[in-house]
Amino acid sequence: MFDFSIVTSWIHELLTSVMPAGLAVFIECVVIGVCLMLAYAVIAIIMIFMERKVCAAFQCRLGPVRVGPWGTLQLFADVFKMLIKEIITIRHADKFLYNLAPYIVVLSSILAFACIPVNKGMEILDFNVGVFFLMAASSIGIVGVLLAGWSSNNKYSLIGAMRSGAQMISYELSVGLSILTIVVLTDTMQFSEIVERQADGWFIFKGHVPAVIAFIIYLIAGNAEVNRGPFDLPEAESELTAGYHTEYSGMHFGLFYVAEFVNLFIVSAIAATIFLGGWMPLHIPGLDGFNQVMDYIPGFVWFFAKALFVVWLLMWIKWTFPRLRIDQILTLEWKYLVPIGLVNLLLMVMCVVFGWHF
Amino acid sequence: MYFTLLIVVILTAIALVAVAMGIARAISPRSYNPQKGEAYECGIPTRGKSWMQFKVGYYLFAILFLMFDVETIFLFPWAVVVQDLGIYGLVSVIFFLVVLALGLAYAWKKGALEWK
Amino acid sequence: MSEAKEYGYFSGLFHGIKTLLTGMRVTFKEFFTKKVTEEYPENRAVLKMFDRFRGTLVMPHDEEGNNKCIACGLCQMACPNGTIRIESEMVEDPETGKKKRRLVRYHYDLGSCMFCQLCVNACPHDAIRFSTEFEHAVFEREKLQEILNITKE
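Going line by line, the protein sequences match chains A, B and C.
For the first sequence, the numbering used here assigns the number 1 to the initial residue and increments by one for each residue that follows.
For the second sequence, the numbering used here assigns the number 359 to the initial residue and increments by one for each residue that follows.
For the third sequence, the numbering used here assigns the number 475 to the initial residue and increments by one for each residue that follows.
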């Protein structure tokens, strides 16, 4: 299996041999920052392109095909269009908060994005409380959304932002409970360890019934957390013009747009990491020949295949179902998902304590 | 080492937004027009102040969320060590969860979970 | 009017899951069907319009250049826009000595036609019909005025 820490330690030795250690660390940090920005932008572009093509395929049409081969350059054209649009600031808006909101939303998105292990040894933030940190980072985004709605001097933006805030905080709970279910199965919160422990079978197979229920709850709650799919009431055009980002134009809006799609990728990547094994290939305990063959495919190919599969699943859900009303969204969460999540957690604890898992 | 990387990630986020907004403000056209400064409320002129009073339902859901989020935070360290604690861990947390579930049931019965 | 069935907690949950999965199966099948989008300028070779499509008005002529128009003027009277203008003359039939109306020129203004097909419906001898040719863009408005009949020389 390709281990990325070989590459990182080689670069570190190369740099420390020609310059003092402090400067080497500084240059590595700059390189990491630049790579993170590029990865963020590239993932956003891939996600938006995939959304347009997949959505078209579900609707019996082709999606973008003209700009570039199979429409691949369409997104670059769209980004350029967004950059050159005029940024209209409205007169009575709270200027500081109005400009601050995109910073907070993108900050939360990048913090969560940096936690995901893409390959063995290839993650940026590898805290030993990784899962906990991830939940905390995604909660910062809610503040950004509320600020965006509040600071636009617009009643509909405010309503949209409050509804979005209520929805996001409610579904945070279900996300936390379903991740907690897996943390019970494996006694660590560190992401790289979680992936390492799936070497003899992914968690969705190891923790059978409770893990499958937790997976489904996580998908629904993650969908609602990022305001996507049947839960996109705050940004529905027919309901509230564009909800909390009505008064943003051009690249200001582009940042919200990009953050939404990268959040979708993050939710799918976390689902793939915790439930489906991250970069760990499919190993069936006992079949060593099969496991050897599976090991030849490098880790990041497995990771992206799994994450993009879950993204496709979420897009399938989005383009099948109509939008839910806000009272239906909150009923679904508080009356169905939280009780089922708690019962599922107890079920998983019983499985772990009595040894009913693989 | 963790802390350094965290600072790097935060600075990257700020840099990304600043660069994007900087490029946008540099190359986008600008034309001042008093109509453009108005808020968009489906085309009709705005009536009254825009910072209106909230529905109390938001407050109730926020309080419920606060309770359950603190519960989740308390459950995280327990979840990491539950395998070593065995049945003792299971029974003790059942008490904790039952108390909180009673709180949710009370809120449900009293109608705090309805949107109106 | 039938009442909506009231579901309890668990029956509502399972009924909901079943209906959601039914919907997802429908879209899943749709994902793999062949798409109906026609990529227009590239598929001109295989493009086939359906027969009832109204592209432009033509007057079909047979191999010797005869058309079926008798210059009755019914199409000109039926047209709501005044798109058609018929120039006809009375000629004397040499054998019988009777006067007959004959078509000289059949003006058709593509720029003002609204493709309603009332002229085709009005014609008693099927002298005019719509063809499926739809690429009519020209750079000068005068080119849209057409003469539909071919005079034999």
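These aren't lab readings, by the way, just hints derived from the structure by calculation.
Note that CB positions come from ideal geometry on N, CA and C, so glycine has one too.
Just so you know, not all the hints are guaranteed correct.
[Said to hold, decoys possible] In silico PhoX-like pairs for lysine-lysine, Cα to Cα no more than 25 angstroms straight-line: (1) A:318 with C:492; (2) A:318 with A:335; (3) B:467 with C:626; (4) A:155 with A:95; (5) B:413 with A:155; (6) C:572 with C:542; (7) B:468 with A:335; (8) A:335 with B:413; (9) C:626 with C:574; (10) C:572 with A:318; (11) C:542 with A:318; (12) A:53 with A:335; (13) A:318 with C:626; (14) C:626 with A:53; (15) C:542 with A:335; (16) C:492 with C:509; (17) A:85 with A:95; (18) C:503 with A:53; (19) A:335 with C:626; (20) C:572 with A:53; (21) A:81 with B:467.
[As the list claims (entries may be wrong)] Each pair of labels, with its calculated beta carbon distance range: (22) B:362 with A:285: 47 to 57 angstroms; (23) A:86 with C:504: 48 to 58 angstroms; (24) B:443 with A:285: 22 to 32 angstroms; (25) B:392 with C:488: 50 to 60 angstroms.
[Stated by the list, open to error] Just so you have them, the derived chain A footprint on chain C, three or more residues with Cβ under 8 angstroms: (26) 585-599; (27) 605-616.
**Prompt:** Can you list which hints this structure breaks, lowest number first?
**Reply:** Hints 3, 10, 11, 12, 13, 14, 15, 16, 19, 20, 21, 22, 23, 26, 27 not satisfied by this model.
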